[in-house]
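Take a look at the letters that make up each chain.
Protein chains: 2
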Amino acid sequence: MKVVGGSNFFVGVVLLCLILFPICSLAEKKKPLRFGKGGSFKILQVADMHYADGKTTPCENVFPEQMATCSDLNTTAFLERMIHAEKPDLIVFTGDNIYASDSTDAAKSLDAAFAPAISSNIPWAAVLGNHDQESALSREGVMKHIVKLNNTLSLVNPVEARVIDGFGNYNLEVGGVEGSSFENKSVLNLYFLDSGDYSTVPSMIPGYGWIKPSQQFWFERTSKRLQRAYTAKPEAQKEPAPGLAYFHIPLPELKSLDKTNFTGVKQEGGIGISSASVNSGFFTTMVSAGDVKAVFNGHDHLNDFCGKLTGIQLCYAGGFGYHAYGLAGWARRARVVEVNLKKMEKGGWGAVNSIKTWKRLDDQHLTAIDSQVLWSKSSAGTP
Amino acid sequence: MKVVGGSNFFVGVVLLCLILFPICSLAEKKKPLRFGKGGSFKILQVADMHYADGKTTPCENVFPEQMATCSDLNTTAFLERMIHAEKPDLIVFTGDNIYASDSTDAAKSLDAAFAPAISSNIPWAAVLGNHDQESALSREGVMKHIVKLNNTLSLVNPVEARVIDGFGNYNLEVGGVEGSSFENKSVLNLYFLDSGDYSTVPSMIPGYGWIKPSQQFWFERTSKRLQRAYTAKPEAQKEPAPGLAYFHIPLPELKSLDKTNFTGVKQEGGIGISSASVNSGFFTTMVSAGDVKAVFNGHDHLNDFCGKLTGIQLCYAGGFGYHAYGLAGWARRARVVEVNLKKMEKGGWGAVNSIKTWKRLDDQHLTAIDSQVLWSKSSAGTP
Chain A
1 MKVVGGSNFF VGVVLLCLIL FPICSLAEKK KPLRFGKGGS FKILQVADMH
51 YADGKTTPCE NVFPEQMATC SDLNTTAFLE RMIHAEKPDL IVFTGDNIYA
101 SDSTDAAKSL DAAFAPAISS NIPWAAVLGN HDQESALSRE GVMKHIVKLN
151 NTLSLVNPVE ARVIDGFGNY NLEVGGVEGS SFENKSVLNL YFLDSGDYST
201 VPSMIPGYGW IKPSQQFWFE RTSKRLQRAY TAKPEAQKEP APGLAYFHIP
251 LPELKSLDKT NFTGVKQEGG IGISSASVNS GFFTTMVSAG DVKAVFNGHD
301 HLNDFCGKLT GIQLCYAGGF GYHAYGLAGW ARRARVVEVN LKKMEKGGWG
351 AVNSIKTWKR LDDQHLTAID SQVLWSKSSA GTP
Chain B
1 MKVVGGSNFF VGVVLLCLIL FPICSLAEKK KPLRFGKGGS FKILQVADMH
51 YADGKTTPCE NVFPEQMATC SDLNTTAFLE RMIHAEKPDL IVFTGDNIYA
101 SDSTDAAKSL DAAFAPAISS NIPWAAVLGN HDQESALSRE GVMKHIVKLN
151 NTLSLVNPVE ARVIDGFGNY NLEVGGVEGS SFENKSVLNL YFLDSGDYST
201 VPSMIPGYGW IKPSQQFWFE RTSKRLQRAY TAKPEAQKEP APGLAYFHIP
251 LPELKSLDKT NFTGVKQEGG IGISSASVNS GFFTTMVSAG DVKAVFNGHD
301 HLNDFCGKLT GIQLCYAGGF GYHAYGLAGW ARRARVVEVN LKKMEKGGWG
351 AVNSIKTWKR LDDQHLTAID SQVLWSKSSA GTP
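Top line first, the protein sequences correspond to chains A and B.
Quick note on full-length UniProt numbering: the first sequence kicks off at 1 and runs consecutively.
Quick note on full-length UniProt numbering: the second sequence kicks off at 1 and runs consecutively.
The following block holds chain A by itself, in its conformation from the complex:
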């Protein structure tokens, strides 16, 4: 595990823990993310667990002979195996974490769904999908429950945004290697957004939700702030640190990708991409900001591709959960992203050099497929 503190501030906080437990608990949650001594940072994306009541909740779309023994516990087992196999530095849950309409107790479903992440002691982050609030717990209630769980870095909303739509908009900074000249810089920026559930004006705009101006404005200001810090001394960089954005509902721009320019499959029924029926401009906002190199969505369980548009990789993770629609014979899967730093000539690690991804299938060997480079410093700037 490469999540380490290291600053004097942190040592002070640890000492204070002996006296003040609440601060200790807060410090534990806020422990900064950081690249490890090996110069890499790995993120496991888990999309659409659709967790409900555990053992009594049946699977969907598995072979008939699997039904008798298949439940939410298969989702749990897959998550445990993925964590064990990949040993990620961060686990990101991109919504529909629970299928709340089938959940007897949403809080318990959330606890059970995230249990493997919690017990792994690996930091994790979550955003909401369109099914998380389909019980007594509202979207705000679900997010408030999540942020209290152990080892999560999730936030209900950023403290610096006085007004923002949705719940679960925040960012995380990943520092350079401890002891390197980048140790006090965020060399990788992670953005988490609430893409909503359904249209707030269904009589005019049908269908799914979208990322609102308040959220885009917050993203834009955050991106600018991070870019100012990254391009300032010491180790002033010319280009912004790469960013990755995680949210549930795909953008309408994914419709312009096809198998000639993506890796993976697009086999979701209907129109193939279940975005909002309107464009709310977040793709334009990200391109303008200039730092986001890849976007990771869930929502469409049967799509698992990555394709590049105007300099940004748009990626699905494929469906993870067993109590979620899927295809019998088409394995549940998860996406892994590995970000590697540049080895400096004088030794030590520098800024981000490359961002790679692959998926793993829930089969006997957790088969890795579709390995690809999403971004590399040498090819930066090509649309």
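Hint data in this document are derived by calculation from the structure and do not stem from the laboratory.
Do not take every clue at face value.
Same chains, same names: a pair is fine if it fits in one copy or spans any two.
Claimed, not checked - DSSO-like, lysine-lysine: derived pairs with alpha carbons at most 30 Å apart:
(1) Lys87 x Lys266
(2) Lys356 x Lys55
(3) Lys224 x Lys144
Just so we're clear, the structure is a prediction, and the values are computed from it rather than from any experiment.
Please build the complex by placing chain B on the supplied structure of chain A, with the hints as guidance.
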């Protein structure tokens, strides 16, 4: 002219004028817009004057025999005739007010371009196009010059928005008839936005500018504030007061309109709609806000249609200026909007009942064409 004050506050300010001239001057500019005793409010839209140096600046795209005597002064004459014929309550200039690259002195060009409005004593408002800043005066400089001119209600930017992109984002409220139960309510809301000039990230996104998240967030908050006031007592209304939005560059959504569902013509070359090459979501933001019934753009001189999409009329004004590209034989034109209040059973005027529009051509009789109802209270809510 139906722009009257009427409140005690206003009487006080007028008295203070005798003592403090600066406040008097400010009060003159800030005199609130209001429906007149006839229950109507008329707006003249002037798109793309493209003013430069006046008499020495030649016309474009007129018949060869007209060239010798045709100049910016034809634009001035057309504006004077329009003001005389329509006697509007407000004149709105939707950008490319000057064609600054052909202007010897941008400030003088602005003064001359707006001169007929200034001397008419009718309040006027302006936003920027993509050509207004093509001289020594920046976009900020042009807007700062405009707001100092007489009788304008233009603002550089709203005071309540701490951060906003562009110059010339503001709103105006039009009060109900003095003495009616709506006299202290804004029954018609006007939004003015800076749609930018060109892409700020041309290597990734080519072409024209767009309305940014900061502006959309301001619009959204302003719309919410106005709706709260309108639906509050006294005379608490169920629906928001109708809004009209004015900005230069058309939205990409106009591409989905065609002659089967619009009134007017679409004869701009190339792709027919010179919007930004990306969607920045402002159409979605307006539909979500729920109050804007019509949008008025310029930019494409050869388009003059209005077409309805998802409950919002999207309108061009057609080209107005003679030092702007056009078509010889296709008259320069302007759009008029007339908003009428509902006559109450007990007498007096109520809320807005209908929004009508027509255009006038710069021919001998200022021929009115394409009269149509853009919105009426009875048909509200139909997409």
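Run through the hints listed earlier and report the numbers of any the structure violates, in increasing order. Of the numbered hints given earlier, the structure breaks just one, which is hint 2.
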